[in-house]
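> First to last, the sequence lines map onto chains F and V. Okay, so the first sequence: first residue is 1 according to the numbering used here, each after it adds one. Okay, so the second sequence: first residue is 1001 according to the numbering used here, each after it adds one.
Hints may be right or wrong, so weigh each one.
[Stated by the list, open to error] 35 Å max Cα-Cα, derived DSBU-like pairs, lysine-lysine:
id: 1; chain 1: V; residue 1: 1028; chain 2: F; residue 2: 460
id: 2; chain 1: V; residue 1: 1267; chain 2: F; residue 2: 437
id: 3; chain 1: F; residue 1: 397; chain 2: F; residue 2: 417
id: 4; chain 1: F; residue 1: 437; chain 2: F; residue 2: 356
id: 5; chain 1: F; residue 1: 763; chain 2: V; residue 2: 1028
id: 6; chain 1: F; residue 1: 345; chain 2: V; residue 2: 1137
id: 7; chain 1: F; residue 1: 40; chain 2: F; residue 2: 524
id: 8; chain 1: V; residue 1: 1028; chain 2: F; residue 2: 388
id: 9; chain 1: V; residue 1: 1028; chain 2: V; residue 2: 1267
id: 10; chain 1: F; residue 1: 345; chain 2: V; residue 2: 1267
id: 11; chain 1: F; residue 1: 600; chain 2: V; residue 2: 1267
id: 12; chain 1: F; residue 1: 438; chain 2: V; residue 2: 1137
id: 13; chain 1: F; residue 1: 251; chain 2: F; residue 2: 273
id: 14; chain 1: F; residue 1: 273; chain 2: F; residue 2: 356
[As the list claims (entries may be wrong)] Sample of chain F residues with no beta-carbon within 12 Å of chain V, all distances over it, derived:
id: 15; residue: 440
id: 16; residue: 447
id: 17; residue: 482
id: 18; residue: 499
id: 19; residue: 584
id: 20; residue: 609
id: 21; residue: 709
[What the hints assert, rightly or not] A partial selection of chain V residues facing chain F, derived with a Cβ cut-off under 8 Å:
id: 22; residue: 1020
id: 23; residue: 1041
id: 24; residue: 1055
id: 25; residue: 1229
id: 26; residue: 1283
Hint data in this document are derived by calculation from the structure and do not stem from the laboratory. Because the structure is a prediction, the values reported are computed rather than measured. Ideal Cβ placement from N, Cα and C applies to all residues, glycine included.
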Amino acid sequence: MKKILLLFIFLLGHGAWAQTTTPSKREVIGRDIGQLKGIKISGRIIDEITGEALVGATVSVPELDLTRITDNNGAFELSLDRSEYNLQFRYVGYETIDYPITAVGDGRMSIRMIQEDFQLDDVVIFGRDPEKNIRSTDMGAITLSMNTMRELPPFMGEIDIVRSLATLPGVSQVGEASSGLNVRGGGVDQNLIQFGGAPIYNPSHMFGLFTAFNADVVNDVTLYKAVVPAKYGGRSSAILDILPKTGGVSKWGGDLMVSNYSGKLSLNGPLIKDKVSILGGFRISYINWFLQTLSNPTVKNSNANFYDGNLIISAPLSDKNEFTYSYYTSYDDFAFASDTTISWKNTAHSLQWKSKLSSKLSLEALGYYSLYDYGIFNLSGINDFEIKSDIADLGGKVFLGYQLSSTGKVVFGGEFKQVNIQPGELIPSGTEDILPKKVQDEAGREAAVHFQHEFEVGEKFGFSYGLRYDTYQYLGPRVVRQYEENEPVSDGSAIGETNYEDGEVIQTYGGLGPRASIRYSLSKASSIKLGYNKMYQFIHLISNTATIAPSDVWKLSDTFIEPQIADQYSLGFYNNFKGNIFETSIEVYYKDLQNVVEYKDGATLIMQNHIETELIPAEGQAYGVELYVKKNLGRLTGWVSYTYSRSLRRVITAYEEENINDGEWYASNFDKPHDLTLIGNYKVSTNTSISATFAYSTGRPVTFPEAKFEYSGNNLAYFDSRNQQRLPDFHRLDFAVNFKFKGEGRFFDGNWTFSLLNVYGRKNPFSIYFDDAAGAPPQALRLAILGVPLPSLSYAIKF
Amino acid sequence: MLRRLIHILLLIPIACIDPYEVEVPEGKELLSVDGLIHTGQGPHAITISRSTTYGSQFEGLIRPVSGATVVVRDNEGMVTFLEEGQEARGSYFTPTGFRAQVGKSYTLQIQTTEGRVYTSLPERVNAVPEIEAITMKTVTVPVEGETNPRSGIQLISEINDPADQNNFYFWRSGRATYLQETYPELYIIRPAKIPAPKACCNFCYITEPGSNQSLFIAQDDSFNGLSTRIPAAFIKDDGRRFIFKYRMELRQYSISQEAYRFLRLIKQQAEISGSIFDPPPATIRGNIISLDNPDEEVLGYFIAAGETTKEIYIDRAELSFRQNKVTIPDDCLTLPGASLIPPVDWKP
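Take the sequences, apply the hints, and build the full model.
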């Protein structure tokens, strides 16, 4: 306790925010040719030991009140006048370096930072830049570093990126086994999840219980939930950008982790010393092995496997050019009592080139290919078949950034992608009893150009505005039906068909998506921001479940299904206290969604050739207020986030019988008005920390039967209006203890983490359903995914 | 299939399913109709009842709608009156000799004692392809915590699907008969446990009425024009049925596309498991409307179908897995549906 107090005094007295190394001698930088102004000092920050570039490290010049963040190469650039400066280099998890210099001419610096010793008493969970939340014009952009996520209790034994994000305000998940995120009232398909720039369609293993991303190969994760920079587009709610790590260029190292569910290993080092680095990671579950040890015959014949792997090759050819290749794959298969197997797989390749064309102009180009496929294998002995489906994205983006001044920046560029979907093919296996069937393939092209300008006017105002034009074409070959004008679209109202040739444009959509935000600084530590955002989405998740299922069908916009459009308005107040130890914010937003896809009652979505007959367009509305208080520093760190929000849908069509809930607004599947998360991490001693998460939210909407009726000897439920009741409230406490053993080569050195999910064993219902099983009255049953306290133990070492 | 994730989760064991008390809205009393007329032998039944609050019968009893006037009218204006069963209130039966005819359309008309009039949309009767053969397969389902799995037989209908039309199939299990052995000599008077051997009878033929509870339906999307095999019934092995010889009549119907969609929704709901991949609850709309008030919600479906039937005899040897024989220490004639002589058409 005394230590904390001392630290506080130290912090208040110095206004600094972390321990620093002892000041070194003032260094003279640059060749002195008598230059007085516009001195360019560039540099690169790397890890002292591994030589890895430190991406997102902070360089600050207190004299000019200036802060720069290193780019993906760990590089930075400063424009200074001839003077003395006390530079400071900071990076999460590393010791801060004070670096007094005298700038006399253009020059270069090379900074080697040392990983913070475990003996430090305080934990720092800053993102990239402590004041970024106040000073930037970004709204609703949250970057979580791996170090931050490490402070949370692990889920199923490890860091779960998606779940970590769900602890933030405005971000939620449907339940305990659910993939994907609901961001500010949007559906799971309205987020673009990209790994190394390539889109990923299924971000989880085992139907949402395990993360599909290996935390050891991830550098950080950024979620844009409000004003999305113009360079991102294609989805209407949010962008989740996962940035992989790169390996060290000078030395080999790695991470190993084993838990009671899965194990992972990653290795990184120089492929060519000081030139090309490689990072490889592999993660595998041994649940299957665990299942085999159980005596139950059903379980013995069941299967649950997953793995994921990464390969990242990075070639910083010079300080000016860097190539990075990233490969990602994740695979799952699952079988129950061995007659039906389902397997799914993500694969993503991306190649990125970053170049500094001049001191002011930088270029980034990226090409990617991403493939998601799944198969369902029925080997029951009768009419054996398999169903296969896949979705492939091939695309590229390029953008140029131009630094106008120390605070002004322009980014412009374009992107293009081709999406091919094979919605489903049924292949009979070894039987002539059933026919092969194939749902028509789909193809679409998306292209966009964008422009973004950021600048400051005086101390008080910061502006950022951007414009993006998205265009989309739906392409042949395809047979497209026509339907009777004044009838609902159904098999019965089809009146004809048109054949489109390969590559022929069937339908074109497009639109302007402006984004803008204004920041007004009330003081150095507080600001108000206002933002607006419009986004288009040309691909839809055709699902009538609330979560991402492996067999979900993705559908491109076509003649019948128009692109989704989201308009979002947000207003925020941000205030940091006590030298950025406390970070607080209040944001309010209103979002309007058009052409959200809803399904008709009892729709058949799998292997459906005329899916337009099963869908109806809906409009959506979401609004909320988000409160956030975060303590960044000290023995106790963590945050409180509370969101009050609503997410509503409405379906009004020209045909009364197709309206849902009589055309009234109703709660979406993931409408959870109150959502509270408390997270704390307490450093008990040098080597021990404990962490806990408490989450509370309103139960999600469900549909209860309005009556019971009898048909064919079954007692059946009659449902009328959707989502009129709610599940009981959700709350859960998770807890973890972390021990770090640090010694010389002893076997158990490393990080031991014990966690207990659902400490008090609450049976939070994932769903309540109604069943008329033989021998019991028709009744409501509760399914709890995590119905018991669930312990896990993991052991991790870094070498 | 996907819902089986839950079973795995239940076994790991993390997840759990348990009964849960919920406030269910007070039930609406909606007219619901369950009726099927077909080309086979009658009488065909139309059952009319009123829906009630969801839950056990203490919360709401499904009441039959008695005393209604029920007629079936064909597209040529021919009207057939149905008569309410003496025993089965709310069930209305076609007169002897009535059969639906292929190619004709039928509508059901109901007038309740309150004078409200309801009608179905017309249903057209399509010809039904024959059952070429019935084959069987033993099915076992492991049960948690027990060494013996549950088991039964699946009946598979072999059909030659006509290529020139869209066919929708529906199967019902007809009457079944099997030979049953009991042990009257082991009879004990309970609860005193006094042995009181009976002299008769050891062997009876047990006849069970057909069951409609499990819904077997198919559409020829995936087998149009093929000769194919479709699971059409499941008979649970209760330790009695498959000891000697078992006979069942399989009934195969051709139904309309709309009826198929209705039955698919019923089946979907009956099989719901609460898993994360369950389809959400769907409003099951039928083909009955109120003529007095078009906005009145009416439940159920009136089906008019072509029927074909076939019998199968199953010998114990054909099962690859059997439940242990249930020993009944009593006269076999005390069992429901028992008779000492086989049915006249018993030709194993």
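> Does each hint hold? Answer for all of them.
To see whether the hints hold, each was checked on the structure:
1. For a cut-off of 35 Å, the pair hint linking residue 1028/V to residue 460/F is broken: about 62 Å separates their Cα positions.
2. A hinted pair counts as satisfied when its Cα atoms are at most 35 Å apart, and residue 1267/V with residue 437/F qualifies at roughly 23 Å.
3. Simply put, residue 397/F and residue 417/F have alpha-carbon atoms about 9 Å apart, close enough for the 35 Å limit, and the pair holds.
4. For a cut-off of 35 Å, the pair hint linking residue 437/F to residue 356/F is broken: about 52 Å separates their Cα positions.
5. Proposed proximity of residue 763/F and residue 1028/V is supported: the alpha carbons are some 31 Å apart, at most 35 Å.
6. Distance hint between residue 345/F and residue 1137/V is fulfilled; the C-alpha atoms sit about 34 Å from each other, no more than 35 Å.
7. Among the hinted pairs, residue 40/F with residue 524/F is consistent with the structure: their alpha-carbon atoms are about 26 Å apart, no more than 35 Å.
8. Note on residue 1028/V and residue 388/F: the hinted pairing is violated, with a Cα-Cα distance of about 43 Å set against a maximum of 35 Å.
9. Between residue 1028/V and residue 1267/V the alpha-carbon distance is near 22 Å, which keeps this suggested pair within the 35 Å criterion.
10. Using a Cα cut-off of 35 Å, the hinted pair residue 345/F and residue 1267/V holds, with the two alpha carbons roughly 31 Å apart.
11. A threshold of 35 Å between alpha carbons decides the hint, and for residue 600/F with residue 1267/V the separation of about 17 Å falls inside it, so the pair holds.
12. For the proposed pair residue 438/F and residue 1137/V, the alpha carbon gap of about 29 Å is at most 35 Å, so the pair holds.
13. About 8 Å separates the Cα atoms of residue 251/F and residue 273/F, which keeps this hinted pair within 35 Å; it holds.
14. At most 35 Å may separate the alpha-carbon atoms for a hinted pair to count; residue 273/F and residue 356/F meet this at roughly 22 Å.
15. With a least CB separation of 15 Å from chain V, residue 440/F remains clear of the 12 Å interface cut-off, as annotated.
16. Here residue 447/F stays apart from chain V, with its beta-carbon at least about 35 Å from theirs, past the 12 Å limit.
17. With 12 Å as the threshold on Cβ separation, the claim that residue 482/F sits away from chain V holds: the shortest Cβ distance comes to roughly 20 Å.
18. Against the 12 Å criterion, residue 499/F stays outside the reach of chain V, whose nearest CB is about 21 Å from its own CB.
19. The claim that residue 584/F lies off the interface holds: its Cβ sits roughly 36 Å from the closest Cβ of chain V, which is beyond the 12 Å cut-off.
20. With 12 Å as the threshold on Cβ separation, the claim that residue 609/F sits away from chain V is violated: the shortest Cβ distance comes to roughly 9 Å.
21. A beta-carbon of chain V comes within 12 Å of the beta-carbon of residue 709/F; the shortest separation is about 4 Å.
22. Contact between residue 1020/V and chain F, as hinted, is supported at the beta carbon level, the nearest pair being about 4 Å apart and thus within 8 Å.
23. Because the smallest distance between the Cβ of residue 1041/V and any Cβ of chain F comes to about 20 Å, over 8 Å, the interface hint for this residue is violated.
24. Among the interface hints, the one on residue 1055/V holds; its C-beta lies about 6 Å from the nearest C-beta in chain F, closer than the 8 Å criterion.
25. Of the supplied interface hints, the one on residue 1229/V holds, with its beta-carbon coming within about 5 Å of a beta-carbon of chain F, less than 8 Å.
26. Proximity of residue 1283/V to chain F holds as hinted, the smallest CB-CB distance being about 5 Å (cut-off 8 Å).
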